[in-house]
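Please construct the entire structure, taking both the sequences and the accompanying hints into account.
Residue numbers (my numbering), protein chains in the order written: chain A, 1 to 371; chain B, 1001 to 1194; chain C, 2001 to 2123.
Source of the hints: derived by calculation from the structure; they are not laboratory data.
From a predicted model like this one, the values you see are computed outputs, not experimental measurements.
Even for Gly, the Cβ is constructed at its ideal location relative to N, Cα and C.
Treat each hint with caution, since some may be false.
Facing chain C, a subset of chain A residues (Cβ under 8 Å, in silico) [stated by the list, open to error]:
# : residue
1 : Ala21
2 : Ile60
3 : Ala61
4 : Leu122
5 : Phe172
6 : Ile179
7 : Trp340
8 : Gly365
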Amino acid sequence: MSWLDVAMQGGIWALEILAIAVPIALSVAYITYAERRVIGWMQIRKGCNRVGPAGLLQPIADGLKLFLKETIIPTTANKYLFVAAPVMALVPALVAFAVVPFGETTLFGFWEETHVMAIANLNVGVLYVMAISSLAIYGILMAGWASNSKYALIGALRATGQMISYEIAMGFSIVCVLIMAGSMNLSAIVHAQAGEYGFLNWYIIPLFPMFVVFFISGCAETNRSPFDLPEGEAELVAGFFVEYSGMWFATFSLAEYAAMILISLMTAIMFLGGWYAPLPADFPVVGAFFDAIPGTVWLLGKTSFLIFVFIWFRATFPRFRYDQLMRLGWKVFLPWTLSWIAVIGMATYAGDISSNLTWISDVIGFWQPWR
Amino acid sequence: MLETVFFYLFGGLAVLAGMGVVLAHNTMHSVMFLIFCFFNAAGLFFLLDAEFIGIILILIYVGAVMVLFMFVIMMLDVNRAKLREGFLQYLPMGGIIAVILLVELIASASSGVFVSDEMVQAVHLGQEVNNTVEIGKELYTKYLLGFEVAAIILLVALVGAIVLTLRERKDAKYQNISAQVNTRKEDRLRKVKM
Amino acid sequence: MGASYLANEYAPIFVFILIALGMGAAPLVLTMLVAEQNPDDEKLSAYECGFEAFEDARMPFDVRFYLVAILFVIFDLETAFLFPWAVVLDQIGIFGFIEMMLFLVILLVGYIYAWKKGALQWE
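Spelled out as structure tokens, the structure:
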């Protein structure tokens, strides 16, 4: 392979990566718009409707305004870390998308076999997402510490405490999915949910409690309401990014919303059957129609619905108190997920323990393609 | 060819980051250099086909252990002048250790083990070998004792951490959420005959 | 695994990290060039409610944050052991399953201890 080939290959990858990263940045802008409209609708008011038709240009106006704001770096702040923090927050949020499979394609018949639409189809995809998204803590901790402001420091500490507490419950619920699928490759997890019964093959059916735990933990991981204590505007004014202004502040928001998209995508992939339609192709009336819709559209549709649920949470639930939040993570989710691992494992091997219990293994085996 | 380039990139950056850890004036910067060093070490693991170990290095060391480090360092009030006081006192001891290490490194580098041909280029595993699956098959069938001892060590660490750091506050009031949720109407309501 | 796996799957991640760094840093640099900068002392001081920020904000904080961090490290290690186990559960048989249950029971003892001692109780 010559240097020219290397440069060519690098250019192709760069285009692929931009084809994922730029839409993420744009969809973040329009999720803020959707959030304002949806919450407005839920609270029987209009939301933003002035800039452009139905307020559709509002996110662009917001972005432009933030871009033209002055950059303030406090004199008492630690310059290096203060400057590095927004980048440190954004990079993991974007890089985590590298392993997400957005669907399968033959490129309209150009390729012989189907290819998975992911930048990197890693064998350890799930672990990669967990490892990279846990790095978001550093952007927050650095922002809080470097600002040299009490509000920022307290916000950063709260954020860290809550993110590490819920990461454990998240990890345990993922372990349940891995037991069912028998692989850490994200596209293999989706393939394991294929079947002739449509949505009955999805992991949300046997692992419904884990789905709930994963999604709520994701809510806490991304510091979304009702877990937005680190930002608690009534007490901490804005939390860890109180000293940031303009585009620098927007970078943190960008990272937060990108993390929200990532959690929604992961939930859709691991529990809601990824790019598969909810009804089998031979289902009367709608089956053929559902089958004709491309898988990527299904995946993004499921993701959009989950993002809507995030917004719905924000409009519905009051904020947690910190001791209640810690209790939920450590005393409710942790034992619950841990016992579910034991239950799923035991059900898998029930037939080996006693032949009277073989039916349990058969039932769980429906979702375990490797059995 | 490209692999060699990446090896020298990750290796070189790891060494530079390691020097940064020692030489940085601000302890917070040291932690950042250490995190960067771990990333480069993970990169080296990936080059060796050990993807599970590489990812676990990021997940455990960078994602968990360094957060703890950062908490400790954020709380410590490091007084540099005070740290420098004992410099001359510890110099002979530290110097001896450094010299011994240097001699050992030179001795092992010149021993001839690292120049034999099979060591120069490690052979990649086959395409179908899945690193994680191989580790799992070995760890959970052959190494029962080591695995359970790991559990005991973790248990000791857990108990030790609680014993050392937990200071119960007597004046704190707790909310018993399960008691609140399980309240029946008879507990709160009393019918009074008028 | 193998050399082609490394080149096809890990090299793009390296490129992605570089592009993400660019995407993170470029707006921050551009906004400083485009937007009008007009700093003054008051603007650049740390935020406080109505009075001057009079001391270093980096104060000691509750020891419970450390305890949570230590517990997190321990349970995160436990997840690290669970991940490969879950993947190969079909290949290690009932022996491997019981082995992991023993592991979990040992850690469960520690968890119950932490609960009873009140280490999980935030005040």
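These are the hints, each one checked on the structure:
| no. | hint | in the structure |
| --- | --- | --- |
| 1 | Ala21 | holds (6 Å) |
| 2 | Ile60 | violated (14 Å) |
| 3 | Ala61 | violated (16 Å) |
| 4 | Leu122 | holds (6 Å) |
| 5 | Phe172 | holds (7 Å) |
| 6 | Ile179 | holds (5 Å) |
| 7 | Trp340 | violated (12 Å) |
| 8 | Gly365 | violated (11 Å) |
Hint violations for this structure: numbers 2, 3, 7, 8, all remaining hints satisfied.
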